[in-house]
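Trainee: Protein chains in written order, with our numbering: chain B, 4 to 431; chain A, 14 to 347.
Wrong hints could be hidden among the right ones.
To be verified - Beyond 10 Å from chain B on every Cβ pair, some chain A residues (computed): (1) Ile63; (2) Leu91; (3) Ile169; (4) Gln178; (5) Tyr179; (6) Leu188; (7) Gly190; (8) Tyr218; (9) Val234; (10) Val246.
Unchecked claim - A few chain A residues that face chain B, going by a derived Cβ cut-off under 8 Å, partial list only: (11) Asp173; (12) Gly176; (13) Gln197; (14) Asp241; (15) Gln248; (16) Gly287; (17) Phe308; (18) Ser310.
These are computed hints drawn from the structure, not numbers from a lab. Even glycine gets a Cβ: it sits at the ideal position worked out from N, Cα and C.
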Amino acid sequence: MRYRRAGLAKVLACTAVLAAVATACGSGGSGTSPDGKVELTIATFNEFGYEELLKEYEAANPNVKVTQRKTGQGAPHHQNLFTKLGAGSGLADVEAVEEGFLSQVMAKSGQFEDLKEIGPKDVREDRWLQWKVDAVTTKDNKLIGYGTDIGPLAMCYRKDLFEAAKLPSDPEGVKALFATWDSYFAAGDAYVKATGKPWFDSAAQIFNPMHNQAETGYFDRDDKLVIETNDDKKIWDQITAAVAGGQSAKLAAWSPEWQTGFKESAFATKTCPSWMLGVIEGNAGPDHKGKWAVTAAFPGGGGNWGGSYLTVPKQGKNKAEAAKLAAWLTAPEQQIKAFKAKGTFPSQTEALISPELLNQTSEYFGGEKVGMLFAEQANKVAAAQYKGPQDGEIQDNVVSPALASVEQGTSPDEAWAKVIEGAKKAAK
Amino acid sequence: MTTELSVARGRGAEPRPPRRDDNDDIGPAKLSWRYRLTRLDVKFSPYVYIAPFFILFAVVGLFPLLYTAYISLFEWELGADEQPFIGVENYTNLLADSQFWNAMVNTFSIFAISTIPQVIIAVLLAVLLNTALRGRTGWRMGVLLPYVASLVALTIIFGDLFGVQYGSINDVIELFGFERIDWQADRWWSHVAIATMVNWRWTGYNALIVLAAMQAIPRDVYEAAWVDGASKVRQFLSITLPMLRPTLIFVIVTSTIGGLQIFTEPLLFSPSAGANGGATNQYQTVVLYMYQAGFQSQDLGYASAMAWVLFIVIIAIAGINFLLTRRLASSGEA
Numbered sequence: 004m005r006y007r008r009a010g011l012a013k014v015l016a017c018t019a020v021l022a023a024v025a026t027a028c029g030s031g032g033s034g035t036s037p038d039g040k041v042e043l044t045i046a047t048f049n050e051f052g053y054e055e056l057l058k059e060y061e062a063a064n065p066n067v068k069v070t071q072r073k074t075g076q077g078a079p080h081h082q083n084l085f086t087k088l089g090a091g092s093g094l095a096d097v098e099a100v101e102e103g104f105l106s107q108v109m110a111k112s113g114q115f116e117d118l119k120e121i122g123p124k125d126v127r128e129d130r131w132l133q134w135k136v137d138a139v140t141t142k143d144n145k146l147i148g149y150g151t152d153i154g155p156l157a158m159c160y161r162k163d164l165f166e167a168a169k170l171p172s173d174p175e176g177v178k179a180l181f182a183t184w185d186s187y188f189a190a191g192d193a194y195v196k197a198t199g200k201p202w203f204d205s206a207a208q209i210f211n212p213m214h215n216q217a218e219t220g221y222f223d224r225d226d227k228l229v230i231e232t233n234d235d236k237k238i239w240d241q242i243t244a245a246v247a248g249g250q251s252a253k254l255a256a257w258s259p260e261w262q263t264g265f266k267e268s269a270f271a272t273k274t275c276p277s278w279m280l281g282v283i284e285g286n287a288g289p290d291h292k293g294k295w296a297v298t299a300a301f302p303g304g305g306g307n308w309g310g311s312y313l314t315v316p317k318q319g320k321n322k323a324e325a326a327k328l329a330a331w332l333t334a335p336e337q338q339i340k341a342f343k344a345k346g347t348f349p350s351q352t353e354a355l356i357s358p359e360l361l362n363q364t365s366e367y368f369g370g371e372k373v374g375m376l377f378a379e380q381a382n383k384v385a386a387a388q389y390k391g392p393q394d395g396e397i398q399d400n401v402v403s404p405a406l407a408s409v410e411q412g413t414s415p416d417e418a419w420a421k422v423i424e425g426a427k428k429a430a431k
Numbered sequence: 014m015t016t017e018l019s020v021a022r023g024r025g026a027e028p029r030p031p032r033r034d035d036n037d038d039i040g041p042a043k044l045s046w047r048y049r050l051t052r053l054d055v056k057f058s059p060y061v062y063i064a065p066f067f068i069l070f071a072v073v074g075l076f077p078l079l080y081t082a083y084i085s086l087f088e089w090e091l092g093a094d095e096q097p098f099i100g101v102e103n104y105t106n107l108l109a110d111s112q113f114w115n116a117m118v119n120t121f122s123i124f125a126i127s128t129i130p131q132v133i134i135a136v137l138l139a140v141l142l143n144t145a146l147r148g149r150t151g152w153r154m155g156v157l158l159p160y161v162a163s164l165v166a167l168t169i170i171f172g173d174l175f176g177v178q179y180g181s182i183n184d185v186i187e188l189f190g191f192e193r194i195d196w197q198a199d200r201w202w203s204h205v206a207i208a209t210m211v212n213w214r215w216t217g218y219n220a221l222i223v224l225a226a227m228q229a230i231p232r233d234v235y236e237a238a239w240v241d242g243a244s245k246v247r248q249f250l251s252i253t254l255p256m257l258r259p260t261l262i263f264v265i266v267t268s269t270i271g272g273l274q275i276f277t278e279p280l281l282f283s284p285s286a287g288a289n290g291g292a293t294n295q296y297q298t299v300v301l302y303m304y305q306a307g308f309q310s311q312d313l314g315y316a317s318a319m320a321w322v323l324f325i326v327i328i329a330i331a332g333i334n335f336l337l338t339r340r341l342a343s344s345g346e347a
């Protein structure tokens, strides 16, 4: 039924605009070029570091021609992904999916190939960290993506501000402060008392990793909303208490004010996935070189923020070839090259012990061996939390705004009522 | 004289049979066939020439409009396996959705504090630009500059100006001893900030349109008024405004349509550029909510229902404005 309707619409649209945009209609190529080569497309966003690798793949497989479609940002890439999934055609043979959009993709897993089935047989699941694989395995045990990179969490902090507040400031000494969330918030209280300045950037940036560490997320494995019975209320109370105690700088992540906040030393700690180091360096600027530090500790264990997968949509033409390409790109040797090209932190266990990764240091962060540090953090991540289909939406459109409203003066109880209401609406 | 001329011209446009003496070799049958062809050409060619617009409009305007109405009757989730027909349920849900009404109020509030001052300032600006200024063209082009600049760039600059903690406007306000304004958290002030961006962009554009109409007003009318001893203000109220009526209707109706569809400014005014329109949706407009429902929640049926309700509201408001403007700007005329 649905397909007929979508088909009708397409026919209508295509007949009418045929003259104007002839290339937009049809199926987007037959999958083979006139000279008999297999034509593959791979769609990525931001920087995956694949430019050189794709040339290498073409050289090793002379019968394959790969075209890369690059989108600047993640949001439009995924919007295009979902639109074309709905349309039933137009996607690349290999589509990248970011962790933040994974729950929505998993909800439509029927439209992606099971890579256990069509992928090369020598690809074993122990290529990746266990939690990375688990997150992309469906309830009926299908694997719909190969892991590319990850964003293991550590803690970044301002050494000079810690010293001024008479807190321990060397990477070993601060580990005790960042052992648990209780110790983290207690240190925050001490910092606020000593300096009168905020401890972290915004409540949402703390809530998300705390929530992700919990055993159950917003949904249980039957996709029933459990926000009222899981640990979220406890986490909420802890964070809103910290906000009331003046620990939040109330700067929403990625806003211009947040960026200025780094320069103005508006906060002393930052939850820090591996890719955040570059963001901090860019925002804080050369004036703060050596003042920021990073340590191999994260309250409550470990965590992950970001990273992607390569998937093969069912609508593609050369699905087995596409899976082969995706498998090759996500092999440890290739991901190390991507890491060297663009700094994407690999998710493959073998890549995590490669000397190239372990010897990487950051001059901005006082010469710290950040490669080794984040590899250690990656291994601290516990099991992958099950994500329901509207997980991302609840996170971004319900919980984060509610936390911002608490920072803007709404009472925590009132805001929590809004969270419940919003989550129910999103989950309906 | 003029009437005679136009009548003559009108006749000249009629196709005439070619003269016999020029085409001796053409038989009478052939002649009448050619004559008929010419007649057909005159009769139908204009429609063929204008057809591309209407075909394009049908494809990119009418078809989406109707298809949206169709989708709004389904629970149409992007890429879902099933899209069941649910009748008017989307509409009943929408009318009971407090977030929708909140967005409606925001839209009207932002619309009112942007469009009303905008049109008034545009008319006054046009009056100023119509006076004997040195370097007139420069001034006139100058008011169009905000319109030319990229909207995204503007919004980023305004985002900086209206920053809560490090914004320049708050710095100035504090300098004068007032309390800093929370442009994000406070509903009213966030509307003011967004309306400012809208006004900044569109006032000059509207002023130029009004100016063009002002220059088309014959000078002798003003001269007659001047001879009768009418003051400048009196001339403005009794001559300029009534003569501007068609243009004002155009400006007000287009501003209404644009004003009720504000999207980019509130989207980018949000600190994380999300479609929430603030932590408690305090500046989420209807179009922003529609975008959120359609492309973040992927509930296209619901978003389509919203699009249609907004469409009807816009037509209603534009109609009311049309009638009001016609009455207000007529001042004295029938």
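Trainee: If a hint holds in the structure, say so; if it doesn't, say that too.
Mentor: So, going through the hints one by one against the coordinates:
no. : hint   : result
1   : Ile63  : holds (17 Å)
2   : Leu91  : violated (4 Å)
3   : Ile169 : violated (7 Å)
4   : Gln178 : violated (6 Å)
5   : Tyr179 : violated (5 Å)
6   : Leu188 : holds (18 Å)
7   : Gly190 : holds (23 Å)
8   : Tyr218 : holds (27 Å)
9   : Val234 : holds (47 Å)
10  : Val246 : holds (45 Å)
11  : Asp173 : holds (6 Å)
12  : Gly176 : holds (5 Å)
13  : Gln197 : holds (7 Å)
14  : Asp241 : violated (58 Å)
15  : Gln248 : violated (48 Å)
16  : Gly287 : holds (6 Å)
17  : Phe308 : holds (6 Å)
18  : Ser310 : holds (6 Å)
Violated hints, listed in ascending order, are 2, 3, 4, 5, 14, 15; each of the other numbered hints is respected by the structure.
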